[in-house]
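Protein chains in written order, with this note's numbering: chain A, 1 to 238; chain B, 239 to 544; chain C, 545 to 882.
What the hints contain is simulated information worked out from the structure, not anything from laboratory work.
Where hints are given, some of them may not hold.
Negatives, chain B to chain C, calculated, CB over 10 Å [said to hold, decoys possible]:
hint, residue
1, 346
2, 402
3, 435
Derived Cβ-Cβ restraints for the label pairs, each shown as a range [said to hold, decoys possible]:
hint, chain 1, residue 1, chain 2, residue 2, range
4, B, 403, A, 227, 53 to 63 Å
5, A, 128, B, 403, 21 to 31 Å
6, A, 19, B, 332, 52 to 62 Å
7, A, 41, C, 556, 25 to 35 Å
8, C, 861, A, 110, 50 to 60 Å
9, B, 382, C, 709, 45 to 55 Å
10, C, 861, A, 18, 50 to 60 Å
11, A, 116, B, 403, 15 to 25 Å
12, A, 41, C, 758, 48 to 58 Å
13, B, 420, C, 861, 27 to 37 Å
Quick caveat, the model's predicted, so the values are computed rather than measured.
We put the CB at the ideal spot given by N, CA and C, even for glycine.
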Amino acid sequence: MTADPVLSVEGLSVRYGAVTAVRDLSFSITPGEIVGVIGPNGAGKSSTLHAIMGLAPISAGTVRLRGRSLAGSVAEDVARSGIALVPEGRRIFAELTVEENLRLGLAGRREQAGAEADIEAAYDLFPIVREFRGRHAGALSGGQQQQLAIARALVAKPDLLLLDEPSLGLAPKIVDVVFEVLGEIRRRGVTVVLVEQRAQRTVAFADRSLLIANGELRLTMTPSDAHDTERMVAAYLS
Amino acid sequence: MSLAIPLASIDAQTLVDALGLGAVYALMAVGIGLVFGVLRLVNFAYGQLVMAGAYTLAYTSDWPIVASIVACFAVVIMLSSLMERLVFRPLRTQSPAVMLVTTFALAFLLQNIALLIDLRDNTIGEAAASIAPLNRAIVIGGVDVRKITIVTLIVAFCALTALALLLGRTTIGLHMRAAATDFRTARMLGVRADRVISTAVLLSALLAATVAVILTVQFPLVTPDFALRDTIVVLVGVVVGGIDRLWTATLGGFAIGFASGIINGALPTENTVYLPSVLFALVILVLLIRPAGLFARGGSSLVERV
Amino acid sequence: MSRHARALVQLAAPVLLVILTGLACGLAGRATEIEILSALVSVSTVVAVYVFVGNSGVLSFGQISFVALGAFTSGVMTIPLDSKAGVLPQLFPILRDHTIGNVPSLALAALVGGAAALLVGIPLMRLSGLAAGIATFAVLEITHNLLREWTAIGPGATTLALVPETTDALQATLGAIGVIVAAFAYQGSRLGRKLRATREDPAAAAGVGINVHRERLWGFVLSGALSGFAGGLLVHLLGSITTEDVYLELTFLTLAMLVVGGSTSLLGAVVGALLVSGIDTLLSHAEDGIGIGFTVNLPSGTRLVALGVLMAAMLVLRPTGVTGGRELSLPTWRKGEA
């Protein structure tokens with residue numbers, strides 16, 4: 001029995017001027033799933049997330065959140081509909097304190113009730129964030145900022161969490177921490193779309209992974225395909 | 239002529255007056271800085287908001303003082319809201335140069351509308367007489383301090399404190415600070431752009447109205463170029479201080495007001511004819527050395543990048 | 545169409561407009577003639593400002609300073625010798641004891657404008673955006689202050705009068721054409737094209753080896769010289785001048801004309817100048833009461849309001865101006881195609 005999809009993308013195309021970043025992309029996400037999105041640089045992975053979030057123009061196709069179309073919505077409305085994005089590069093406000101950064105995430109909540117409890121829960125999940133709560137966010141290391149960015153997205157209590165290359169620029173040990181956090185999030189039943197460069201790790205971790213190259217969906221993989229590097233490379237280069 | 243002579247003529251009177259001027263300019267600087275922070279727009283027409291407030295006070299001179307002040311605030315808020323809707327909002331996608339020239343045109347436009355209205359009685363200038371009594375002085379410790387200066391300092395202090403609290407402790411304040419740093423990401427998190435912009439514009443209008451009240455006490459004759467000179471000086475001060483951040487902008491406004499007050503009071507009139515040239519030459523010098531502003535952090539900034 | 549033919553068309557359009565305007569002088573009565581001449585001098589001024597602002601994309605509020613310097617220099621040097629010592633007793637002897645002819649004074653005005661622009665431009669051309677706007681505004685203020693107070697170089701706060709009114713239809717037309725040709729030659733030259741490259745993306749331009757500072761300086765100096773020249777034409781049209789005539793209102797008007805016409809094209813500058821002058825004249829007459837089927841009598845001061853509205857509306861609705869910021873191009877048709 002399949003539950004109604006949280007997110008369904010049909011025939012999505014994203015064009016920046018003359019350049020087509022995403023071409024006729026279709027997929028859907030069921031509640032509680034973690035879906036990985038992998039592919040070479042410039043494949044259109046980020047553009048897909050941005051289009052869902054209302055940050056990039058959709059030139060064709062539909063994006064539906066729980067059946068409701070997001071067409072023409074601006075980012076702030078998409079955020080308030082229950083999608084949270086942890087953007088590439090984290091985009092932390094360096095001059096605000098860690099706590100203020102976290103509280104900014106509350107802007108995306110659909111109901112303010114329970115906000116304080118969720119803030120505390122975020123601190124529990126990310127003890128390092130609690131430790132630095134009064135300090136300027138710019139003082140945090142890359143890995144710590146990544147945790148803050150994820151925490152910030154979680155306090156918005158989204159139905160769907162989008163992560164754009166959370167391990168980018170982080171040392172291997174820190175990447176482990178990030179994936180641990182993602183595992184914890186999975187345990188809590190949050191639906192996640194994870195865009196990543198680290199193909200093998202993502203395929204092994206996610207419930208299923210979409211391989212996108214040149215703006216098109218080439219392959220859908222499951223954790224058992226994680227070692228099938230030949231297939232992956234072939235799809236990357238096709 | 240040595241430097242010692244000007245310094246020697248800075249008396250307590252000049253100091254107090256300079257503080258007062260600095261305070262008024264600081265308020266205007268905040269008004270300009272708030273709108274710049276969220277809209278990335280330099281409102282050349284800010285002075286016209288003050289002018290409109292002053293004219294309202296003049297035309298309601300025969301009303302009770304409180305009603306007159308309320309009218310002043312109402313007019314300024316309405317005018318600034320109109321500006322935002324008709325001019326700022328459509329301009330948001332344009333280049334900074336276009337925004338600059340448009341607000342310049344707006345300033346010119348409003349000034350001439352005021353001229354038209356003023357000239358209906360065939361004289362330029364209207365008198366805002368009701369609150370003039372505040373312009374009288376009391377003596378504190380041997381120094382003549384005008385009541386209005388005391389009021390200005392108190393009001394400025396309260397306004398700036400209230401603003402700091404608003405920005406630092408409230409949700410909307412947090413949203414505004416985030417929007418001023420990175421509007422795109424803030425919106426991505428769910429911060430409502432309209433609300434942030436309207437709040438900034440409203441606060442900016444409140445400050446303009448306050449300045450209008452304070453200035454009309456000292457200068458009861460209101461003409462279309464009321465506060466024009468002051469706005470230009472404040473704008474210069476804000477850019478020199480560093481328009482990117484609110485506190486550097488405010489500091490810049492205060493500094494240029496204070497400096498103007500001191501220099502004007504300390505130098506005898508014959509020597510002050512070339513004062514504008516000296517001041518503006520200094521401005522150019524500062525901009526060459528630190529285009530982002532005196533107090534701004536070093537490095538590239540929005541100001542250079544056009 | 546060949547490249548040369550296209551260039552000719554682009555140049556011909558503004559020149560033709562100017563010639564037509566000049567010819568209209570002959571048909572008009574004295575009062576209107578002055579307004580037409582004024583429009584032609586505006587063309588010179590706006591094109592001079594365009595040479596820098598349009599090509600570099602750097603907003604300068606200071607070009608009118610060079611108009612002012614040109615106007616005052618040219619004016620002071622052409623006042624008849626016998627009256628000069630009387631009206632301007634405090635002038636430096638070299639200025640007071642010499643008078644030059646009209647055309648040399650225009651050349652002098654251009655020289656002074658260019659030299660001042662060089663002096664000011666060397667430090668200032670490093671700035672962009674808001675900093676450039678404020679810095680050039682500071683230049684305007686300094687020039688205004690100096691001209692107003694320094695009585696050894698000019699009349700100071702009083703009116704400079706007794707300047708021979710030598711700007712007639714021929715001179716105004718030829719002057720405007722000269723400025724247009726100079727602007728056209730510049731923007732088509734390598735120098736001009738390099739400057740235009742810095743307009744869209746200064747970083748990219750610097751990346752391909754263009755010295756942004758130097759290219760801007762060239763444009764600024766040419767603009768200054770042409771502005772000075774326009775100032776010379778202006779003072780000889782009015783016969784008298786004060787510092788307020790070449791200060792904020794003229795700055796606003798010039799920018800308005802440029803923006804309304806289209807700030808990135810030469811045709812835009814010319815069209816803007818003529819169009820806004822035309823509207824300004826119409827409104828001026830309306831203020832005095834004109835009959836256009838019915839009598840329109842606008843309160844005085846309306847014209848500036850209307851101009852302000854026009855400029856603001858143009859910027860909001862069509863920021864590229866009437867011409868869209870482009871030169872004239874005739875529809876091309878290629879041989880052999882249907």
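Against the structure, test the hints numbered earlier, and report the numbers of the ones violated in rising order.
Per hint list: 1, 6, 7, 8, 10 and 12 violated.
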